[in-house]
Amino acid sequence: MENDSSGQIRMMQGNQACAEGALAAGCRFFAGYPITPSSEIAEHLSVALPKLGGKFIQMEDEIAAMGAIIGASLAGMKSLTATSGPGFSLKQENIGYAGMAEVPCVVINVMRGGPSTGMPTLPAQMDVQQARWGSHGDRGVIVLVADSAQESYEQTIRAFNLAEKYMTPVILLLDEIVGHTTEKVIIPERSEYEIIDRKKPDLPPDKYLPYRETEDLIPVLATFGTGYKYNVTGLCHNETGFPTNDPAIIGAQIKRLTDKIIIHKKDIIRNRMVMLEDAEIAIFAYGSVARSARSALAKCREAGIKAGLFQPTVLWPFPEDDIREVAGRVKGFVVPEMNMGQMAREVERACRRDTPVHRLNRVDGQPITPGEIVDLIKGVV
Amino acid sequence: MFNYLEYIRESNFPHIWCAGCGDGIILKALIRAIDKLGMSRDESVMVSGIGCSSRTPGYMDINTLHTTHGRALPFATGVKLANPDLKVIVITGDGDATAIGGNHFIHAARRNIDLTVLLYNNYIYGMTGGQCSPMTPVGSKASTAQHGNLEPSFNTSGLAIAAGASFVARTDVYHVQQCEKFISKALQKKGFSLVEIMTPCPTAYGRRNKMANPVTMMEWLKDNMVPVAKYDKMTDQEREGKVSAGILCDIDKAEFTAEYDKLIKKVRTE
Ligand SMILES: Cc1ncc(C[n+]2csc(CCOP(=O)(O)OP(=O)(O)O)c2C)c(N)n1
Ligand code: SF4
Numbered sequence: 344m345e346n347d348s349s350g351q352i353r354m355m356q357g358n359q360a361c362a363e364g365a366l367a368a369g370c371r372f373f374a375g376y377p378i379t380p381s382s383e384i385a386e387h388l389s390v391a392l393p394k395l396g397g398k399f400i401q402m403e404d405e406i407a408a409m410g411a412i413i414g415a416s417l418a419g420m421k422s423l424t425a426t427s428g429p430g431f432s433l434k435q436e437n438i439g440y441a442g443m444a445e446v447p448c449v450v451i452n453v454m455r456g457g458p459s460t461g462m463p464t465l466p467a468q469m470d471v472q473q474a475r476w477g478s479h480g481d482r483g484v485i486v487l488v489a490d491s492a493q494e495s496y497e498q499t500i501r502a503f504n505l506a507e508k509y510m511t512p513v514i515l516l517l518d519e520i521v522g523h524t525t526e527k528v529i530i531p532e533r534s535e536y537e538i539i540d541r542k543k544p545d546l547p548p549d550k551y552l553p554y555r556e557t558e559d560l561i562p563v564l565a566t567f568g569t570g571y572k573y574n575v576t577g578l579c580h581n582e583t584g585f586p587t588n589d590p591a592i593i594g595a596q597i598k599r600l601t602d603k604i605i606i607h608k609k610d611i612i613r614n615r616m617v618m619l620e621d622a623e624i625a626i627f628a629y630g631s632v633a634r635s636a637r638s639a640l641a642k643c644r645e646a647g648i649k650a651g652l653f654q655p656t657v658l659w660p661f662p663e664d665d666i667r668e669v670a671g672r673v674k675g676f677v678v679p680e681m682n683m684g685q686m687a688r689e690v691e692r693a694c695r696r697d698t699p700v701h702r703l704n705r706v707d708g709q710p711i712t713p714g715e716i717v718d719l720i721k722g723v724v
Numbered sequence: 004m005f006n007y008l009e010y011i012r013e014s015n016f017p018h019i020w021c022a023g024c025g026d027g028i029i030l031k032a033l034i035r036a037i038d039k040l041g042m043s044r045d046e047s048v049m050v051s052g053i054g055c056s057s058r059t060p061g062y063m064d065i066n067t068l069h070t071t072h073g074r075a076l077p078f079a080t081g082v083k084l085a086n087p088d089l090k091v092i093v094i095t096g097d098g099d100a101t102a103i104g105g106n107h108f109i110h111a112a113r114r115n116i117d118l119t120v121l122l123y124n125n126y127i128y129g130m131t132g133g134q135c136s137p138m139t140p141v142g143s144k145a146s147t148a149q150h151g152n153l154e155p156s157f158n159t160s161g162l163a164i165a166a167g168a169s170f171v172a173r174t175d176v177y178h179v180q181q182c183e184k185f186i187s188k189a190l191q192k193k194g195f196s197l198v199e200i201m202t203p204c205p206t207a208y209g210r211r212n213k214m215a216n217p218v219t220m221m222e223w224l225k226d227n228m229v230p231v232a233k234y235d236k237m238t239d240q241e242r243e244g245k246v247s248a249g250i251l252c253d254i255d256k257a258e259f260t261a262e263y264d265k266l267i268k269k270v271r272t273e
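Protein sequences appear in the order of chains A and B.
Adding 343 to a residue's 1-based position in the first sequence gives its number in the numbering used here.
Adding 3 to a residue's 1-based position in the second sequence gives its number in the numbering used here.
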């Protein structure tokens, strides 16, 4: 394999780790539009992709970049785009298209603060609900999050695997701190991780139905140019891929788009549970805030407070059942986030008022410190 | 008689187009051009945006990608760049290409990426019921310009030439042989090629502009499309209400995906 660096220990930014992870996952197409704090992903891939025979293109805007990766994916290349808040907003219509047409691709959003141009160089976690609901209409979505350069590498590989497996766009959220912090990354050996490629049709072209209802609810889309001539559209469509106005077919299609994620949520959701066995108070934290939470946890334990950490690495589908299970054992949740409480609402919903949820929100572009989390926990217990 | 059936998806008929719509004439001209060139449909992809015109690919038995409004060119750029062996045909309307998709239009032409674009110019937003488009002539009526349109329109073909296209031609559905010929030339061109095709929309445009009868609209095309050589010699006064038809640009220059392949070869041997 060209460019093989597996087994090495390297220093890199979270953004670069995303780029390297993408290449390891088999990504060979990137389209993007420059925006801080994500541009290093594009810059890195503009150098690396042609060396692997892949393609990099800087498009005229983020809408175009999103369209281009969908086209490239249908032509058989694993495809990626990367952006930040304003660009993420622009991509939404075509992200919904990829969801509707079930075209695998990966979108990385290195979160800055908003609304609008907001804080281009400062961290935030204000797009976590947009990642779920940003595009119009109803469908299931997969959103991953990373807390470090190491996890950026691994989560980018996972994002591609989930996209290919579930035939859907997958969003990976970093925040500015993770994107821009240079730190150690241990490049895993190839044998240590799985690479999933989308299924190929097992029927001849005359029998092939791209959107045929399968047991796992996941369609099998042929690559353009391989002899399977079919139609891809963002309109509600039947199993042949052609538009339909039949209410029964439309209803079943829209329902399937949600169900295909929900029935597989056990396979998708992954949480890191730290010291939760005997915990009386649980911290729910993700992204760079989870790093502060780990320090806070250590300090709490030193002070004799039985704290634990619930760190989701998948934000959507939300790990509701797992939260519910932990909620039954602890006296409360603490949810520090760099937004006005976007995921805290989900934790509250999962706890169903039985367990108190204490929020800690910073929206001034500054990281949440371990001390702030410890103080809140001390006030609660 | 030419056998169109081989090229269409009969199960998708009846089509959505109104009686008297010109879009079906373009569909047939395209099919004949593809047939005569002996193009492989397995290795061709038709990409479209949203609009009546953009429904064309759905009727053809070929790889088809019906995208979002205005965005056919970026999707097509992705398809073509990912696999340059595919022949990529883009179908778009005047609103799709020059309003919401205007930015993509000039940039695809600037890159000179090998796409064949058929722009159906019916002066109006057909699908949504006749709102004005950037191509609606000054003074014409539209559902959102009921007092008459004030905004000057684009010279769309001129825009494509200025932006960097390799091949640009304008034709119409009355002059159907010319239409087929230009489509064929565009398909053979390596680079960004545009055929702007004037096509009647009696329902959304004609009805509001004293041409409700499709035959009147066809006669309008017959009388007002002027060969470009003649048009160039006309005075401004004579040009009033006329549209030039012909090959407006045909040059050979570096094509984007071919240049990209050269780049790959270069960086891999470095
Ligand atoms: C983002 C977005 N905005 C608006 C629309 C509604 N819309 C659908 S088709 C269309 C105009 C189509 O006009 P044109 O491109 O000229 O094609 P025609 O129908 O005349 O062939 C509009 C505005 C849409 N589908 N998507
Ligand atoms: S509305 Fe106009 S463009 Fe659309 S199908 Fe009818 S005649 Fe054709």
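Note that these hints are calculated values from the structure, not bench results.
Please note: incorrect hints may appear among the correct ones.
Unchecked claim - With a cut-off of at most 30 Å between alpha-carbon atoms, the simulated DSS-like pairs for lysine-lysine come out as follows:
#1 B:Lys39 to A:Lys550
#2 A:Lys394 to B:Lys31
#3 B:Lys225 to B:Lys213
#4 A:Lys394 to B:Lys245
#5 A:Lys550 to B:Lys265
#6 A:Lys394 to B:Lys184
#7 A:Lys572 to B:Lys39
#8 B:Lys188 to B:Lys39
#9 B:Lys188 to B:Lys144
#10 B:Lys233 to B:Lys184
#11 A:Lys527 to A:Lys543
#12 B:Lys265 to A:Lys394
#13 B:Lys188 to B:Lys236
#14 B:Lys144 to B:Lys193
#15 A:Lys394 to B:Lys188
#16 B:Lys236 to A:Lys572
#17 A:Lys572 to B:Lys269
#18 B:Lys265 to B:Lys233
#19 B:Lys269 to B:Lys31
#20 B:Lys245 to A:Lys572
#21 B:Lys213 to B:Lys269
#22 B:Lys233 to A:Lys572
To be verified - Here's a subset of chain B near chain A, in silico, CB distances under 10 Å, partners left out:
#23 Phe5
#24 Arg74
#25 Ser187
#26 Gln191
#27 Lys225
#28 Asn227
#29 Lys256
#30 Arg271
A virtual CB, placed ideally from N, CA and C, is assigned to each residue, including glycine.
For the pair supplied as a hint, Lys39 of chain B and Lys550 of chain A, is the alpha-carbon distance within the 30 Å limit?
28 Å, holds
Given hint Lys265 of chain B paired with Lys550 of chain A - CA-CA distance at most 30 Å
Violated. Lys550 of chain A to Lys265 of chain B sits at ~39 Å, over the 30 Å cutoff.
Pair hint outcome, Lys245 of chain B versus Lys572 of chain A [Cα-Cα no greater than 30 Å]
41 Å, violated
Straight-line alpha-carbon gap Lys394 of chain A to Lys245 of chain B, limit 30 Å:
Since the Cα atoms of Lys394 of chain A and Lys245 of chain B sit roughly 52 Å apart, the hinted pair is violated (cutoff 30 Å).
Straight-line alpha-carbon gap Lys144 of chain B to Lys193 of chain B, limit 30 Å
With Cα atoms ~39 Å apart, Lys144 of chain B and Lys193 of chain B exceed 30 Å; violated.
Chain A contact restraint on Lys256 of chain B - CB to CB distance below 10 Å:
19 Å, violated
Quick one, are Lys225 of chain B and Lys213 of chain B close enough, alpha carbons at most 30 Å?
16 Å, holds
Decide if the proposed pair is consistent with the structure: Lys265 of chain B and Lys394 of chain A, CA atoms, cutoff 30 Å inclusive.
12 Å, holds
So, as I understand it, the hint says Ser187 of chain B touches chain A; can you test that by seeing if any CB pair is closer than 10 Å?
21 Å, violated
Does Lys394 of chain A pair with Lys184 of chain B here, judged by a C-alpha cut-off of 30 Å?
41 Å, violated
Between Lys236 of chain B and Lys572 of chain A, is the straight-line Cα distance small enough, at 30 Å or below?
With a Cα-Cα distance of about 47 Å, the restraint between Lys236 of chain B and Lys572 of chain A is violated, given a limit of 30 Å.
Tell me if the interface restraint on Arg271 of chain B is satisfied: Cβ within less than 10 Å of some Cβ in chain A.
6 Å, holds
Figure legend: structure checked against the earlier numbered hints; hints not met, in rising order: 2, 4, 5, 6, 9, 11, 14, 15, 16, 17, 18, 19, 20, 21, 22, 23, 25, 26, 27, 28 and 29.
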